[in-house]
Structures are given as structure tokens and as C-alpha cells.
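Novice: Sequence:
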Amino acid sequence: MGIQDTSWNSMKTFLSKRGVKEDIRCFEVRNITRENRESVETLLIEKKDSFLAKTAKRASVAAAPLAAWVTANVKYSQVLEKIKPLEREQANLLRNLKTAENKIGELSTGLKTVDKTVEDLKKRLNLFTKEAAEIEIHLNKAQETIHAAESLVFKLDEEYSRWKHQLNELSKELKILPQNSILASAFVTYLSSCSQDIRRSMVIEWTKLIGLEEFTLMNFLGSERQQLTWQTQGLPSEKLLMENALIIETLSGMDSENSFCPLLMDPSSCATEWMKNYLSGHNVEVTSQTSSKFNTSLDLAIRFGKVLVVQDVDYIDPVLFTILRGDTNQLDVKSSFRLFLTTRNIQADIESHISAVISKINFTTTEAGLAQQLVQCALKLEKPELEIRQQDLLRREEELKLSLDQLQQNVLQQLASSEGDILQNKELLRSLNETKQSSSDISESLAESSKLKANLITECGMYQPLAEYASKLYFSVGNLSKINNMYQISIPTILKLFQKTLSSCSNVDVITKKQKFLQAVYLYFARSVYKSDRLILALHLVHNSFSNLFKEKEWDLLIGHVITEDKANINQIKKDIPSWISYDRSYDVYLLQNTLPELYNQLYLEKEDIWQQFPQKPVPMNLTSFQHVLLVQALCPDLLHSALTDFALQNLGLLVLSPPPLKLSQLLSESSVSEPILIITSPGSDPSEELRNLAKNLKVKYNEVSLGEGQELFALQLFVEAGTQGNWLCLKNLHLMISWLPTLEKELQNLEAHPSFKLWLTTEPNDKFPSMLASCCLRVVYEAPQGVKRNLRQTYNSWEMYKEINKSLFILAWFHAIVQERRIYIPQGWTKAYEFNDSDLAAAVQVLLTRLNKDGKNIRWDFIQGLCESAIYGARVENSYDLKVISSYLRLYFTDSVLSGKQFLTHSVVIPSTNDFKEHIKTIERLPEIDLPEFFGLSPNIDKIWQRNRSKEIIHYLKDLSYTDHKYTKFDRSEWHVQLSPLLNLWKKLNQTTGYIKMKVPVVNEILPPISIFFSREFSFGVFLIQAIHNDLANISRVIKGSLLPDKDIIEFATLLMQLKTPDKWLKLWQGSTNPSLYIQSVMSKVEAMDKYKDHINTTLNLSDVFHSDIFFSALKQQSSRDMKIPVNDLVLSCNWGDCHTTKSVFTLKGIQLEGAIFDGENIVLNHENVSDFITAPLLTISWVSKVRKLLKWFINFMPNQLNKKILI
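Quick note: the sequence shown uses this note's numbering, first residue 1, plus one each step.
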């Protein structure tokens, strides 16, 4: 056919040409030249075997008929060549015949010979014609075979590619089957109770250890069909949940004797709901261990082979021990019996010997899983048709994939069962053609389904950013339980807030929705946390919501999560800091300089004039709002609380941190029958009266029980009665019955309550309060309103039924407000938070009204003062100083001059002039919203003192919130090196010029004077402490270098240091700073100071240089007793500002810090508002003197005209 290249590639190219079949069928053999035929004949001889049908068929089904066609054409060409002379001869004979006919007469004698020749020629012609027809028939048959082969190859091409790929995959999997089996077994056995992060890290570690590139449990044990089925049964498509479902299915497929019983740890109950759908095809019974029918249900399930699901398993009932251990030889256990345990308490009390025979499966909600639930929630609310389409799409996709899989199975079955020549099996070819058509239709449908799925994902993706944001906020709020165990959150709550946000702002952009949701979350949870913790909540939410507000290391600097290893000595630091910055601010400014050098360089702190009025006057620099907070922290910590509040409010988009005022009646519409209302009380607050009034106004039957020992049965009886009859029940003081609360929780779950039933619970915070009970309640904090003005409003709201009220009651209400609000300033106001409450006010009111009725206008104030001081308010006070404060207030307020208006209550506050209730309210409304320090008799700068102290507490809590539970629980050498090297280097530099580490701990000479023994013991203790610290840090250093393996103690120790927490081991030796960096610096400075004192005692001492200041005073007392030869009990401590004592054992104390006042040694005055909170007092000379001499000096020195000259301590 004109192609000289006889290679297979050339042949394939020829056969792939369009019209090749027609060319072959119409091929004219007569056009074959002798040279071409001879070359083909040579090829047939040389490659004789290749043209055999059997050989050609192995190479290609289409090659065999083509080989036969070539052979036939060669033979046909040979035949044509042979008959060619005969044809020429025939032509000659015909010519001769014509001539002969013309000459018939002449040639009649040769007619018979010619007829015979003609007959022979006809026979030969017939023979050749028959051969040509047979050749044509074979050619047509070959063409049909080629067509069938091509059709079969085309139809099986896609399946062949798929099967080939699957075969390659199976071959690979077969090679690594043992390793995968080991990993799958380990995963199911050891990782089912772990979180997703731990699972991921452990699988990576195991795969490296076993020599695999990767391992996925779902790919090895599961299938896409299973995942689709589980999703249609209501299980979210999160990876963790899919793995858990696969583990459950794997355990369910094992023999009951050899499998572990699954314990589903399911706080959100999503797995429990899925389990009901998953087991819907079985004989399932759901029960609880607390149910009275539990034993009966268990017995019937064992006998009849039921699937028993036991809910809320906080402990394992002993009746299950035998079944869990597999010791069922004496039980009639049917093979179909299966046991599933579920619990919402991830800290369920499971004994160790039982933990070994159950498989804990962790269904704890993750951020991704919650985000998916929130997306579904949004779809149900705003686009329910999308959710329906999504479910239909999943169902259709599953059906199509199952159909495609079945068709592939049919093709394989037909090919395997085919007999004879597959190309001649027309029935098979027809069936394959139909299968191929169906497969093509399904593939097209799947492609279309994929497009629809992509479009659906795009539409659902509109809600994904908001859902992820909301999920992140949920876990942020959940961390608040580290501050207070009562601060719990539940998934239904966050879903409710999410729905409420979407409903209220459906036509706004995502950023606005995020802001609205953030505000909703804050305002909702602000009412369930104490006022003092609201700023912590706000800052924590802002930090987790707006990562763009914080540059690298800025948040760490705020919470003190930075360690600097250079210039540990404060005197060295002071040299590099501008001179106008005070000594106590130097270290914080240095931290700012060292941590954020770029920010520090643009501040120009050396220009004092710019910073003189900071932060009241803004500085001319481009600072972010958070950088402004950092500067306040470094330069003006006494204003840090205000700066943090402003920062939080600005980013929350709120005006105040306090949520709108809440009345208990508002909670009725928010709670459901199954959701108790948990009221978290504070000292001085009791909601009982408001609850009683609310029930009375609504005409609801109301009972309350103050819980205590022996009240359990009575409380349960009232609980069941109220639940069935639709009454209200208040269980008070739950914190007194912590061990009974799990029982209450179970009863609440099992109760079929009346629609009108309402359960009120009150409790004080308790670390052991069940978190599950707290999270399933609607929680609110009930505490006295903050501020004197709000406190007076609350008091007068309880008296609003009176039109007239005696003026003396205003004095009492003011006194009550002052003693309550003074609790804000601890320890300056009170030494502790005393529980002054409404019952104290009620008792005092009763006393006051009684005296008014008896005394008339001549009130015996001393009687009222005495009772309030000794029996009412004073009875709660434990400190003598605090009792003097109570007494001072009583004698200042409860006088005739105050009652008559001649004397101010305080700071221009005059009591109402009449008994008119409205006049009293107007007087209250004229009070400032923010309490003035003068109200309490405290120094004007008390607010700055409070801000500094409160800011430290807030930062401490923020630091705790910044640590994740699993961040440091696993040894990571590189992480340890990064986190701990600064502390190790700091310790190394502190000890470079000392020999304390290798020094033998000095032995104290007990024959020395007491004061010398004290300083020697202090130095000896300090050396011992340094060596103890060094041993711990050296172990960590060796672990980082790889020369020591970390044990549990070292990991826990290093974890605390990485969290910048001083280990308890060190604090038990000496109670120093809770910051390890400051702790070790303080230890070194004290030891260096004591090193000097032990050899040469200097009578000028800074008490911050000793470890045990109390022992110093005892030692000095013993020294004075020896020197003066006076019994120790006859000595009293004498202190003098500036004057020297004549006694031998005298010490001068320096560095004493005075708070709230300025003192020059003679005169003392209160600080004004802009003065720093601490002032360094003059030198104080102390000594121990005899009591007689002390009394004599008192008479001489403390005359009325010289009261400011001497201070007796």
C-alpha cells in the first residue's frame, strides 16, 4: 500500500488513519509490483512465526486477521502473476477465435481442438473466480473481526485504565499491608481517646518509625461509601468524627468476646444522636445506669441479643465488670449482643482495671467540627433550600457511585464467564455496549454532581468565615474556666447566639456580622462572670478575635511572657535608660527596649518634654492602640487598668463593660424547662428575696431549700414534686453539697417535667462544681451593684413601697454602701473581702427603727453604734484594724449633726432634708457615677494603687489563658531550646563571677551572736537555694543537649518554666516572685548581699536583701536580750524616724515603701491624685527596748503637740 516502513509504530500510525478500513477492503491486488511482493515474501519468511495466528493474537487481537490478510494478498498476487501469461494467451486465443471463425470454414478441421481448449480455459477461469470469491469472503470476515475488536477495545479502555490504576494501588498496598495493619491496630487501640492534634502527631511519628511515607486510617480501613452513609445519618464530616465512626464500626464487627466495649466521650451529644441512626436497623435499647430498670434492660439485652446503649456513664457500674472483661462463660450471651457506653463527662471516673478493657472514643468538639455545625445552622436559618439540596446531592452521589461500582462488577463478571472467541460472542459485545452506555451516563451524572457540589460549596462558603470566627470565640470563652470553674459554655448556647446574630443582621457584610456576634457573645457571658473578671473576658476575646491588632511579641510583652538574658543587674539597666525614667520603671522600659526594639527606637524617650504629660496628653507618634497600652504599662502602670479598659471597649465597639441591667424575670423567656437557671452569688448578695417576689407576682407556687447535710432526700422529693406539678423550686447553696450534684444532674435528665416547671439554683464559686451541670444551665452572676450610687439605688428599690422614709435610714444605707464598696480596695480598704450583705442591712434597719420608736428625736446613737460594731457588721470582721475602720465610720455618720444636715456625710454629701422618698432618690441621683476616694476616707491616689494591683491580677489571668492545654505537654527539643535558652543564659550570666554553684554549703557557727548567726544562716540558705536551682536548670540543659532523657518530673518542671511560672519546688524552699526570671535574679541579689553581711555586719539594712525578715526581728530581739540582759518577754520593738537609740543592738532600715501618704520623718500627709502609689520613706531606726523604758519614752515624746514627731510601731 505504498508504505515502506514495516515497524510496529508505522503500522499503528497506518491503522489509526481515517478510512484505513475502506482502503484495505478496496485494495487492488493487481497493483502489487513484483519487487513489493518479493520484499513482503522475504519478510514472511524471516518472521514466519510473527504471522502465525496464535502469535499475532498475543500481540493484538486486531493483528491476527491483518496477518492473515497480508498472507492471503501475497498468495493472491502470486496467483495473478501465474495466470497473467494465461490471460495474455486467452486474449490471443480470442483474437485467434475471431480469426478462426472467419476462417471456420477453412479451419473446420481444427474446431474440436479449439473447443476443447476453450473448455479447459473456462474451467481454469471458474477455478480462479472461486478462489477470488473465497478471498473476498475471508477479507470481509477479517474486517468484521477488526471492527468488533476495535469496539471492544474502545469500550473497555476506560475500565482498563481504572483497573490498571487500582491494580497498581493494590500492589503497593499489598507490599505495605503489614505496616498499615500495625498502625491501624495501634490507632484503634491507643489513639481513639486522643484529640485530633495528638492523633496527627503520633501518626507522623509512627509512620517515620515504621518506614512509611504516610498513613490514613480512613483510606486503609474505610471507604467513601461509608463516609457518605455516616453523613446521611447525621454525623458531621469532620475528620475526627469520621475516624471515630470507623473505630466504632471496626469494634462492632469483631466478635463480642474479642472486642473492647466502646465508651463514647461525647460532651456535645452529637455522637449519641448519630448512634441512634447508625443502629436503627438493629434491636436497640437506650438506658442509663441510674435508671431503676437498668438491670432488667441489661439482662434482656444479653438474652435476646439486643444492642444496649448506656448513656451518661460517669462511672462503671460493677454489674458490667463481668461483661466488659469477657467473663461470660456462665451467662447466656447471644452472639448479636453489643454494648455501647456514652458519657458527656470527659473526666468520667473510670477505674484503671476497667479502662484496660474498654475503648474510649473521643468525640470532643473541635474548631473545625463546630464551624461545620454553625454553617449548617446558618443554612437552616437563612437558606434552608441549600441544606435540602446538599442532602439530596449527597444521597444522589452515593447512589451513582454505588451504581457505577455495580456496573464495573458486572463487566468483570461477564468477561470472566465468557467462553470461546470473545470477538465472536455477539451477546457479550451487546451487553458490554449497554454497560458502557450506562457507565458513561453515570460518569456524566457524577461530573454534573461534582459541579453542583462545587457550586453548593461556594454558596455555603459565604457562611464559612463567620462560622470559623464563631467557633474560635467558643473555644476562647471556654478557656475562662481556668480562671473560675463556674465560667462554662455549651455548644447550644453558642448556636443560640449565632442564630440570634444572623436573625438581627441578615443584610450586612461578614465583618459587621463578626462584630455583632462578638458583642453578643461578650454581653451574654459578661452577665455570667463577676465584674472583676469582665475586663479579662473582654481582652481575651479581643486578643483572639483581632490578631491584626498585635504585632509579633507585643501580647507576650503585656502578659510578661518574655525573658531577657542581658544586663540582669538593674543598675546596669539604668545606665541605658533615659535618666528621667524612675528607678522602679527602668526594668519594664528595658524589657520594652529589648523585646520591641523597632517600637522603642521611634519613641525618642530621651526627649523628656514629649513624655512629661503622658498618657493624659497623646504623644506625636504613629502608635497603634495596643502599643499605647504597652507604653502605659511600661511608664505609668498605675493607669494601666484604664488603658486596658479603653482598648477593650474600642475594639468591642461598646461604651461600657457592664452588660445591661438584668432582672431575674428576664431569664424566664430565655430558659427552657430542661435548662435550670444557675445564679452564682458573691459575698453580700442574695437573690432569695427577689425570687420570692417574682414568684408571688406571677402567682407561682414556689419552694426553696437551703442545702446542707441531710437535706438530699428532701430536696429530691421537692424536685420531683415541682417537676411533675409545674412549680418553681430553688435549691440554695449548692457549693455546700458538691458530692450530691451529679445525682441532681442525673435526676434532671431523667425528669419528664411539666411545661411550667422552673428550677433555680444558687451557689458560690467552687473548683469542684461539676462542669457539665454548670454548662447545661443558664448562668448569671448575682452581686451587689458596683459603686455607692448603684448600691444606694438597689437599697432604695427594696424600700420603694414606702412613700416616706426616715432620714436616719439614708445614713444607714450610706454606711451599708460604703462598707460594701470598700471591698474593692483590698488590702487598702479591708484586709479581706468580708461578706456584708442585705441581711446585715435588714438587721440594722430593725435596730434603727426600734430606737426611733423608743427614743423619738433623742436617738441613742451609742446604742446603734455598739450593736452595729459588735453584733451586726463588726461580727463579720476578723482584723482589729478593720474593726477600727467600722467603728470610725459609725461614729462619723451616726450623729445628730449629720442627721440635722449641719455636718457632711463626706465630701459635700448632705443627707436629704425631709423624709420624702422622692427627695431621697433625688439626693442619690446627684451623686457621681464614679466613687470618689474621699467617700471611703482613702488617699486621693487610691484609684492608681487599685489600678496597679488589679492590672497585675488581670495580666496574671491573661497569661494563664494564653497557654493551651497541650502546647508543652510533649517533649520537643527545638521548642525547649527556643523557650528556655534565655532563662538558662540568664542563670549562666548571673553566676559567671560567683562561685556559689560549686561552693560547699557553709556550716553555721552556732556560738556566734544571734544576729551573726542569722546572717550566716541566710547566706548558707541562699547558697543551698542557688545549688538547688542550678541542679534543676542543669538537668533541663542536659535534656536540651541530648545527654539526658526527660522524665515526667523534668517535663512538668520545664513546662512551668516555659509558661513563665516559678515551679512549686522552688517556691516551697522560698516564697519569691512567681516569675522565674525575677525569682532567680532576686535569689542572686539576696545571696550577694548576705555574703557581705556575714563577714561584716552593716547596721543599715534593706529588708528586701534577706530571705526571712521575720527571723531577722527575732534574732535582733535575742541579741538585744543578751546585750541588755533583759528577758525576751520584757522587750518591745521601738522605731524612730531619724533619731538614734542609745541601745547597742540598733539597725537602720532603708528602702521602706509607703503607700497612700508622703512622710518626711516628721510630717505625714495624704498623697494627692497625681502622686505615684509608692513613696520611699526616710530611714527607720529600730531596736528592742524594755517595756518600762518604752512607756517612759511614750509619755515624754507623744505629747499632744508632738504627735507627728514620733511613730510607735
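Treat the hints loosely; a few may be bogus.
[Unchecked claim] Below 25 angstroms or equal to it, Euclidean Cα-Cα: the simulated PhoX-like pairs (lysine-lysine) are:
hint, residue 1, residue 2
1, Lys75, Lys48
2, Lys380, Lys496
3, Lys47, Lys75
[Said to hold, decoys possible] DEER-style ranges, computed between Cβ atoms:
hint, residue 1, residue 2, range
4, Asn697, Ser292, 35 to 41 angstroms
5, Pro1127, Gly866, 35 to 41 angstroms
6, Asn879, Thr512, 49 to 55 angstroms
7, Pro1127, Ile1152, 27 to 33 angstroms
Since the hints were made in silico from the structure, they are not lab data. Since we're looking at a predicted model, the values are computed, not measured. No residue lacks a Cβ here, since even glycine has one placed at the ideal position from N, Cα and C.
Novice: Hint compliance check: list the failing hint numbers for this structure, sorted ascending.
Specialist: When the structure is compared with the hints, none of them turns out to be violated.
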